[in-house]
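Chains as they are written, first to last, in my numbering: chain Z, 1 to 610; chain C, 1 to 281.
Calculated from the structure, these hints are not laboratory results.
Wrong hints could be hidden among the right ones.
What the hints assert, rightly or not - Under the rule of at most 27 Å between Cα atoms (straight-line distance), these lysine-lysine pairs were calculated in the BS3-like manner:
{"no.": "1", "chain 1": "C", "residue 1": "Lys236", "chain 2": "Z", "residue 2": "Lys164"}
{"no.": "2", "chain 1": "Z", "residue 1": "Lys402", "chain 2": "C", "residue 2": "Lys232"}
{"no.": "3", "chain 1": "C", "residue 1": "Lys238", "chain 2": "Z", "residue 2": "Lys362"}
{"no.": "4", "chain 1": "C", "residue 1": "Lys238", "chain 2": "Z", "residue 2": "Lys132"}
{"no.": "5", "chain 1": "C", "residue 1": "Lys196", "chain 2": "Z", "residue 2": "Lys437"}
{"no.": "6", "chain 1": "C", "residue 1": "Lys239", "chain 2": "Z", "residue 2": "Lys164"}
{"no.": "7", "chain 1": "C", "residue 1": "Lys14", "chain 2": "Z", "residue 2": "Lys318"}
{"no.": "8", "chain 1": "C", "residue 1": "Lys236", "chain 2": "Z", "residue 2": "Lys80"}
{"no.": "9", "chain 1": "Z", "residue 1": "Lys539", "chain 2": "Z", "residue 2": "Lys275"}
{"no.": "10", "chain 1": "Z", "residue 1": "Lys397", "chain 2": "C", "residue 2": "Lys196"}
{"no.": "11", "chain 1": "C", "residue 1": "Lys101", "chain 2": "Z", "residue 2": "Lys436"}
{"no.": "12", "chain 1": "Z", "residue 1": "Lys132", "chain 2": "C", "residue 2": "Lys239"}
{"no.": "13", "chain 1": "Z", "residue 1": "Lys164", "chain 2": "Z", "residue 2": "Lys68"}
{"no.": "14", "chain 1": "Z", "residue 1": "Lys446", "chain 2": "Z", "residue 2": "Lys475"}
{"no.": "15", "chain 1": "Z", "residue 1": "Lys362", "chain 2": "C", "residue 2": "Lys239"}
{"no.": "16", "chain 1": "Z", "residue 1": "Lys441", "chain 2": "C", "residue 2": "Lys199"}
{"no.": "17", "chain 1": "C", "residue 1": "Lys196", "chain 2": "Z", "residue 2": "Lys433"}
{"no.": "18", "chain 1": "Z", "residue 1": "Lys436", "chain 2": "C", "residue 2": "Lys14"}
{"no.": "19", "chain 1": "C", "residue 1": "Lys199", "chain 2": "Z", "residue 2": "Lys433"}
{"no.": "20", "chain 1": "C", "residue 1": "Lys236", "chain 2": "Z", "residue 2": "Lys132"}
{"no.": "21", "chain 1": "C", "residue 1": "Lys232", "chain 2": "Z", "residue 2": "Lys80"}
{"no.": "22", "chain 1": "Z", "residue 1": "Lys441", "chain 2": "C", "residue 2": "Lys196"}
{"no.": "23", "chain 1": "Z", "residue 1": "Lys433", "chain 2": "Z", "residue 2": "Lys397"}
{"no.": "24", "chain 1": "C", "residue 1": "Lys199", "chain 2": "Z", "residue 2": "Lys368"}
{"no.": "25", "chain 1": "Z", "residue 1": "Lys539", "chain 2": "Z", "residue 2": "Lys559"}
Because the structure is a prediction, the values reported are computed rather than measured.
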Amino acid sequence: MPEPTSENVIQFENVKFSYAGAEGVFAVNGVNLEVRRGEFLSVIGHNGSGKSTLARLVNGLLEADSGKITVLGMGVSEGKNSLEIRRHVGIVFQNPDNQMVASIVEDDVAFGPENIGVEREEIGRRIEWALKAVGMEQYREATPTRLSGGQKQRIAIAGVLAIKPEILILDESTAMLDPKGRREVMEVVSRLNKDEGMTVILITHFMEEALLADRCVVMNRGEIVLTGTPEEIFENGEKLEAYNLSLPRISEIINDLTLGGMNLSNVLRPEELAKEIAQNFKDKGIENAESPADKIADSASQHLWDVSVKNLTFTYSKKSPFATKALKGINLRIDDGEFFGIIGHTGSGKSTLVQHLNALIKLPQAQKRYRAKKPKKGKPVPELPQITVGEFDLANKKTDFKALRASVGMVFQYPEYQLFAETVFADVAFGLKNFKKDLSKEEIEKAVRDSIEVVGLNYNEVKDKSPFDLSGGQKRRAAIAGVIVTRPSVLILDEPAAGLDPLGKKEIMELLHKLHREWCNTVIIVSHDMDEVAENCTKAAVISNGEVVACDRPCNLFKDSESLFALGLDIPLTSKICEELKKYGITINCDCTPKDFAAKVLKAYGGGNA
Amino acid sequence: MLNDVTFGQYYPVKSFAHRSDPRIKLLALIAYIVALFLAKNFYGLALCFLVLCTAIIASRVPLGRVLRSVKAVLILLVFTAVLNLFFHGGSHLLVHWGIIKIYLEGVIFTVFFVFRLFFLVMGSALLTLTTTPVELTDGIESLLKPLKYIKFPVHELALIMSIALRFIPTLIDETNRIISAQKARGADFESGNIFKRIKAIVPILIPLLISAFRRAEELGDAMDARCYSGSKNRTKYKKLRFGWRDLICFLVFAALITGVVMFNIYAADIFPLIYEYIRIN
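In isolation and in its complexed conformation, chain Z is listed as follows (with noise of 0.2 Å):
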């Protein structure tokens, strides 16, 4: 922590903002705020809660409508000095894509300091410098749209490094990585942080992020709300509540813990929160304890809908010098009624292989080109890869697959970019007249009123309304409805809570677990999110490198922790905590949903009281 004396290098007075259209409309209201110099200072807040115009307002990209905001010395209202203050205030963005100018990295890393003049030599020096403080010197000359999405924030971190700012601001830059690439670009921050004494501004809606820093702020319509260590602003769960925000989830653990008897204190870190509940058996006496395992009953399905897999291999562009391999011999059988989820990291090939559930992507056989290769001699026949989705054959050219399409509804990652229709209800419509031509206008305006509701929209105010009017999580459940109003009995969803706040996501994820109650038959998820998917799937496969490597209920498949570690993927928090309380001889049996850890939890704590 810095010292409380050290110089502001940021200073908000009383500031506020309004974007043009919406006048009076506060987007920042009399913001009052500090930054000190070598600080980590994390901003918490719902979408829409003014963090992000904050950052633009630092750096000038925004101009105050009233207050005063001081960075360095230099007053940011008078418009003059933005230039020089954005040499010493860097700014990353959310979408690495769509912040970077070049197509090599070096060039992109050079493009900050050509604009401010700097020497041809030095501009070498400095990517070097920047590229090797974000561990990317081997990418030099690596073209960014083929790296990982953390690599390519990474790289848009470098860029803005190599103008040498003194403090750096990240805007939700992690919002779009998966848990590996966010690891990598908050293990950069923190570095720079603490060994290069950058100050660090981290805006995010991940909690768990939010707790690496010294100081949190949170916003709330456009207000600061709450301002002090994370320690203490986890601790007030109720009001966090109140602002649309969720706790972590090691502070639910600890909560519900508490209120069981435990005493705990508010740890942020897993081996910390295990040794603390170890320490809580002790004090009682219990040295080796063992909560039962839960007996899983087989959910009874008519098996109508069972999606099989057998033998999928898939390479992108085939025959050129580029080809990858995305899939190698997938073999994997989805039980009708099941919330599957799909896990594995960016490029894993888990998109790929759910586009070949409704044919996006056909089978080989299933082409209208597609002449069976005779064998070579003295080599086996190599195996055709099969796909049945209910009683759709995959494999056979005379397949209806709009039939296929109809039944199998897909919802890609960032569905709302897919909307285009001048009103919400043409545009829910668009797929319900695509595949049923022979449908009346009372049966279409049902259907569309039907899935409207069902994704919780009001269906009278928003059908006349341009679907680009609708706020974020709006325009994904319209988009959601889009998809299901022909009613699919099997339902993908790519990534259906990405980008979402977490209030957003407990939403979105609540809505699937109702359409699985009441429209659809299977639901199946992909996703990166490894708490996302042991709290809501019933059952999940992990796919690495184009190859399934487990695929089992989350309880078991979360057990194996050291393979899955190797395979860079991470395992939920229940499982980590459970792993550290192995150490101290308790072992958990749970789902691992937070609920039911805490639950099992106390439920060994009390039955070695007895």
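Dock chain C against the given chain Z, drawing on the hints supplied.
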């Protein structure tokens, strides 16, 4: 549906041709094209062919890959060749069949023409096979630099080109995603008459445009945040440098043009020789 065009048709190997300065390669191509059009006889053409062969060997790109580029213009090639064959006048009538008259001059000219176009396409392809679009942009920017003095926005133009190149793969990915998403909603882009197909593009085009504008706005912010303020007081990190390869390249192509011109002046035109030969027999 849409293939990877980040690299155009760049063939990633290391070779003499790959390492040459893009400016020299651009100039060399221009020299080569000029030589092809200057050549009035088969000697000149043969010299061009010789240089082309050397270049192909120096590029280490498989011949098949170079030939594949001709495929794209094959129909055009055949079409113009046939036109030439039928409508080229002359004095040595070979075939007279109805209204079709084929003269010996027509045959010779067509052969000459086909070879010239063939070499032209292969030479241009060799440039894009050995040079990435980024290098090309750098090269063009550098070659256009003198225009700065007549207030031509060279830097801005180069930046626009390089950003366009940078976003092509991103927008292609995006297009593929939108196409897939709309296909999953039952959209059909492959059947129906032309009007139906044009109408079917709307659900792709609108989201794509909206996304392009969103990206442009975000990119603008990111560039502002990285202190971009036009070409004023700007330095440039990458400098193209001439090397020994470029000197060789320069000499070869200078020799080519000189050679072709010499042949044009001094070598007897090959056509009369052929007429003579035919007359004797």
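Do the hints match the structure? See the list:
A distance of roughly 17 Å separates the Cα atoms of Lys236 (chain C) and Lys164 (chain Z); the hinted pair therefore holds under the 27 Å criterion. For a cut-off of 27 Å, the pair hint linking Lys402 (chain Z) to Lys232 (chain C) is broken: about 57 Å separates their Cα positions. Using a Cα cut-off of 27 Å, the hinted pair Lys238 (chain C) and Lys362 (chain Z) is violated, with the two alpha carbons roughly 45 Å apart. With a C-alpha separation of about 20 Å, the suggested pair Lys238 (chain C) and Lys132 (chain Z) falls inside the 27 Å cut-off, and the hint holds.
As the CA atoms of Lys196 (chain C) and Lys437 (chain Z) are separated by approximately 15 Å, the hinted pair is consistent with the 27 Å bound. For the hint pairing Lys239 (chain C) with Lys164 (chain Z), the CA-to-CA distance comes to about 23 Å; that is within 27 Å, so the pair holds. Only pairs whose Cα atoms come within 27 Å are accepted, and Lys14 (chain C) paired with Lys318 (chain Z) is accepted, the gap being roughly 22 Å. At most 27 Å may separate the alpha-carbon atoms for a hinted pair to count; Lys236 (chain C) and Lys80 (chain Z) meet this at roughly 25 Å.
With a CA separation close to 30 Å, the supplied pair Lys539 (chain Z) and Lys275 (chain Z) exceeds the 27 Å bound. Between the alpha carbons of Lys397 (chain Z) and Lys196 (chain C) the distance comes to roughly 25 Å, so the proposed pair stays at or under 27 Å and holds. With a C-alpha separation of about 60 Å, the suggested pairing of Lys101 (chain C) with Lys436 (chain Z) is violated against the 27 Å cut-off. Annotation: proposed proximity of Lys132 (chain Z) to Lys239 (chain C) holds, straight-line Cα distance about 23 Å (limit 27 Å).
Restraint check for Lys164 (chain Z) and Lys68 (chain Z): the C-alpha separation of about 25 Å stays at or below 27 Å, so the hint holds. Taking the CA atoms of Lys446 (chain Z) and Lys475 (chain Z), the gap is about 20 Å. The hint holds against a cut of 27 Å. Taken as a hint, the Lys362 (chain Z) and Lys239 (chain C) pair is broken in the structure, with Cα atoms around 47 Å apart against an allowance of 27 Å. Of the supplied pair hints, the one linking Lys441 (chain Z) and Lys199 (chain C) holds, its CA atoms being roughly 21 Å apart against a limit of 27 Å.
Restraint check for Lys196 (chain C) and Lys433 (chain Z): satisfied, since their Cα atoms lie roughly 14 Å apart, inside the 27 Å limit. A hinted pair counts as satisfied when its Cα atoms are at most 27 Å apart, and Lys436 (chain Z) with Lys14 (chain C) does not qualify at roughly 55 Å. A C-alpha spacing of about 14 Å is found between Lys199 (chain C) and Lys433 (chain Z), which places the hinted pair at or below 27 Å, so the restraint holds. For the suggested pair Lys236 (chain C) and Lys132 (chain Z), the alpha carbons sit about 21 Å apart, so the restraint of at most 27 Å is met.
At roughly 17 Å between alpha-carbon atoms, Lys232 (chain C) and Lys80 (chain Z) fall within 27 Å of each other, so this suggested pair holds. Between the alpha carbons of Lys441 (chain Z) and Lys196 (chain C) the distance comes to roughly 21 Å, so the proposed pair stays at or under 27 Å and holds. A hinted pair counts as satisfied when its Cα atoms are at most 27 Å apart, and Lys433 (chain Z) with Lys397 (chain Z) qualifies at roughly 24 Å. For the given pair, Lys199 (chain C) sits about 24 Å from Lys368 (chain Z) by alpha-carbon distance, which is consistent with the 27 Å threshold.
A C-alpha spacing of about 14 Å is found between Lys539 (chain Z) and Lys559 (chain Z), which places the hinted pair at or below 27 Å, so the restraint holds.
Checked against the numbered hints given earlier, this structure breaks hints 2, 3, 9, 11, 15, 18; the rest are met.
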